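Model the full structure from these sequences, guided by the hints.
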Amino acid sequence: MLHYLLKKLLFTAITLWVASMVIFALLEIVPGDPAQLMLGINASADAVAALREQMGLDLPLPVRYGAWIGGLLQGDFGVSYTYSVPVSELVGERLWVSLPLAIMALVLSTVIAIPVGLYSASRRGTRTDTGIMAFTQLGIAIPNFWFALLMVYLFAIWLQWVPAGGFPGWDQGLFKGLKSLILPAIALALPQAAILSRVTRSALLDVMGEDYIRTARAKGLTARAVLWRHALRNALIPVLTILGLQFAFLLAGTIIIENVFYLPGLGRLIFQAISQRDLIVVESVVILLVATVIFINLLVDLTYALVDPRLRQGTGRNAS
Amino acid sequence: MKILTNLAKTTALAAALTMSASFVAINAWAAKTDVTLGMVLEPPHLDPTAGAAAAIDEVVYANIFEGLTRIGSKGEVLPALAESWTVSDDGKVYTFKLHTGVKFHDGSDFDASDVKFSLDRARGEKSTNAQKALFKGIESVDVVDPATVKITLSAPAGNFTFNLGWGDAVIVAPETADSNKTNPVGTGPFKFSKWAKGSSIEMVKSDSYWGKPVALSKATLRFIPDPAAAVSAMLAGDVDGFANFPAPESIPQLKADPRFKVVIGSTEGETILSTNNKKAPWTDIRVRQAVAHAINRQAIIDGAMFGLGTPIGTHFAPHHPAYKADLINTYPYDLDKAKALLAEAGFPNGFKAVIKLPPPSYARRGGEIVAAQLRKIGIELEIVPVEWAQWLDQVFKKKDFDLTIVSHTEPQDINIYARKDYYFQYSSDTFNKIMTDLNLATDQAERYKLMGDAQTLITKEAVNGYMFELAKAGVWNAKLKGMWENAPVQATDLTGVSWAE
Chain A
290 MLHYLLKKLL FTAITLWVAS MVIFALLEIV PGDPAQLMLG INASADAVAA
340 LREQMGLDLP LPVRYGAWIG GLLQGDFGVS YTYSVPVSEL VGERLWVSLP
390 LAIMALVLST VIAIPVGLYS ASRRGTRTDT GIMAFTQLGI AIPNFWFALL
440 MVYLFAIWLQ WVPAGGFPGW DQGLFKGLKS LILPAIALAL PQAAILSRVT
490 RSALLDVMGE DYIRTARAKG LTARAVLWRH ALRNALIPVL TILGLQFAFL
540 LAGTIIIENV FYLPGLGRLI FQAISQRDLI VVESVVILLV ATVIFINLLV
590 DLTYALVDPR LRQGTGRNAS
Chain B
28 MKILTNLAKT TALAAALTMS ASFVAINAWA AKTDVTLGMV LEPPHLDPTA
78 GAAAAIDEVV YANIFEGLTR IGSKGEVLPA LAESWTVSDD GKVYTFKLHT
128 GVKFHDGSDF DASDVKFSLD RARGEKSTNA QKALFKGIES VDVVDPATVK
178 ITLSAPAGNF TFNLGWGDAV IVAPETADSN KTNPVGTGPF KFSKWAKGSS
228 IEMVKSDSYW GKPVALSKAT LRFIPDPAAA VSAMLAGDVD GFANFPAPES
278 IPQLKADPRF KVVIGSTEGE TILSTNNKKA PWTDIRVRQA VAHAINRQAI
328 IDGAMFGLGT PIGTHFAPHH PAYKADLINT YPYDLDKAKA LLAEAGFPNG
378 FKAVIKLPPP SYARRGGEIV AAQLRKIGIE LEIVPVEWAQ WLDQVFKKKD
428 FDLTIVSHTE PQDINIYARK DYYFQYSSDT FNKIMTDLNL ATDQAERYKL
478 MGDAQTLITK EAVNGYMFEL AKAGVWNAKL KGMWENAPVQ ATDLTGVSWA
528 E
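Chains A and B are the protein sequences, given in the same order.
Take any residue in the first sequence, count from 1 to its spot, add 289: that is its number in this note's numbering.
Take any residue in the second sequence, count from 1 to its spot, add 27: that is its number in this note's numbering.
Derived from the structure by calculation, the hints contain no laboratory data.
All of these numbers come straight from a predicted model, not from anything done at the bench.
The calculated lysine-lysine pairs, modelled on DSS-like cross-linking and capped at a C-alpha distance of 25 Å, are: (1) B:Lys221 with A:Lys468; (2) B:Lys224 with A:Lys465; (3) B:Lys224 with A:Lys468.
What follows is the structure in structure tokens.
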């Protein structure tokens, strides 16, 4: 187990290092001068030059890469070109929106998807099953921002239960904060729930075909008991994999939803930073997200071991 | 007995207090004094002396920061921190008399030395002022006494007091100048209170303001980037209005709603089909004239802007008294004439070219319509959408383009045609001479005539395709008073805003 962990950690470090170089190089290739962008098309050349110098853009590439990596290793993410505040502060503020939103969406989608998947699997081939699966297909197909707009019309404009968007800040009270996150969370959760319930169903059905299930049934257990006690537990590995991927996606991939609901989250931060060529923010946030995704994957790998005792002993066929 | 009187007094006092307290409560309920407005773009920071983003001025101009002069809602120059000024006979020395008793929001006093500091900083070698050119003519800034500043110019400049009214020329204090980006400290009637990044900016009434106090106690600007979300926010009542509403397609719907007031005004944004004047075949005036004849302005306005916008025939704001309205007829829509001109220039079958379009909808949607219109005379445009950063790099810096569409939003910016090496690469000694004369002229009639000459010249030479002036679609709560109808400068001036009873 320790060996397994060390190997994983080493790979993580190498992946991060390679990612940092790719990110840095990519952003340097992308055209666009942050200084010119800030001062606009009426600015004189010497003012732009002065700003470039002030931002350190006149230094050679390797020096800037070194400064960035050196800072990262000491936990210093740099200072935003445009906002003039430390990137860590920006990210910290945004995480307080994106993280609760991602967790809410994840919980919602799990709470919906697992029972639906279970139910559908237990009714395999029936009309109910076909109906549910058609419905999940629809859930995947409908763009979440469009669904979000529909919900805004219904719940914000027509019923006026929740605000149409924006985030008041947690200092305005937990309820107010949750209220403004509920629609975006549902919008994010629905397509995820649709995918997850399909995965749950097919994973269950795969397991149901295994010998030990037949044995359990032959032993005299009811279909229901088999499903709960034997099948679900064994079907959890693919479900967990998808969940891990989805969480990473939720944390970073909310750009559109955060725009529709004008939420001050991480997705919007990246979007704004890219369009303003706030290179240091983009670089640091992306490397942070890469780190998060790697970490979540590591966590998922470790959770496999919890679910599957074979992996814990390192003798199972899936051990790596 | 004495105790009793005391008791009576106390009771009376308590009753009075309760009454007045409830009176205050009723008052507070009756007259709303805070406002929440929506804005599309979040400012990168809040220092108007160190950035060109319109969103900066849209937050701080006239609200938080003030200059010596300011621009009013009709584009006129008004006194601000300068109470009055005199100009020497040779037009080179401006003496400003400053208001006294003015305080910065941090409590420090404002005086002539702050003016000197601000202007010297803006024109200095290390300056990162986006409009540094505004201060180019200043030779020296001298403090005469704490309430008097003398500015000496190297040559007379007819527009000098207007230039000092730009957001880029506001007065800042030396102690706080470097932190204004995140914590702006000015002399205005509102002081900055909170910036929830990505979400909103809040400012509150400044109690120490030197001038007429504002009616609002608090103003919140919320950032709503998505046009559909802007509509929802209005309909749901999350915001009280938008000085500049981003969804022209929804204007009729909001107009029909009695809760809202829709006001269409003008801006300083000349939206033009910028042409690379140094790249063949655009070097040939006949090709540029052919394009001018082939453009149907109204169709572009209807298609790209849902009918909002005023056709222009030159690079000048139509609401300005010096605007030459008849120039719009210089090249009437005439496809035969356009084809004939192209044939004359050696392109009887037209040619292929590239149009690069930045993100705003006037450019992206407008560009598609322009491409369709030019196809009729045989010019096949390849549409290349670019981001702003790419646009600045490829079009603005490297001049690698044939055509592009941009709205030039700086006020009275016809002088860009005199800039050496500006991106559309126009160069004319005649035009430069007009600009030099204009700078020196201080008589208004003469200035207007010169502005007219400049407009006529660039239109005759068909430097760029002149399309339309951007409109400002204001939408706000019908009870909100004092919002600006037009946008002569990029600002959301809240100093005159209040709620009707």
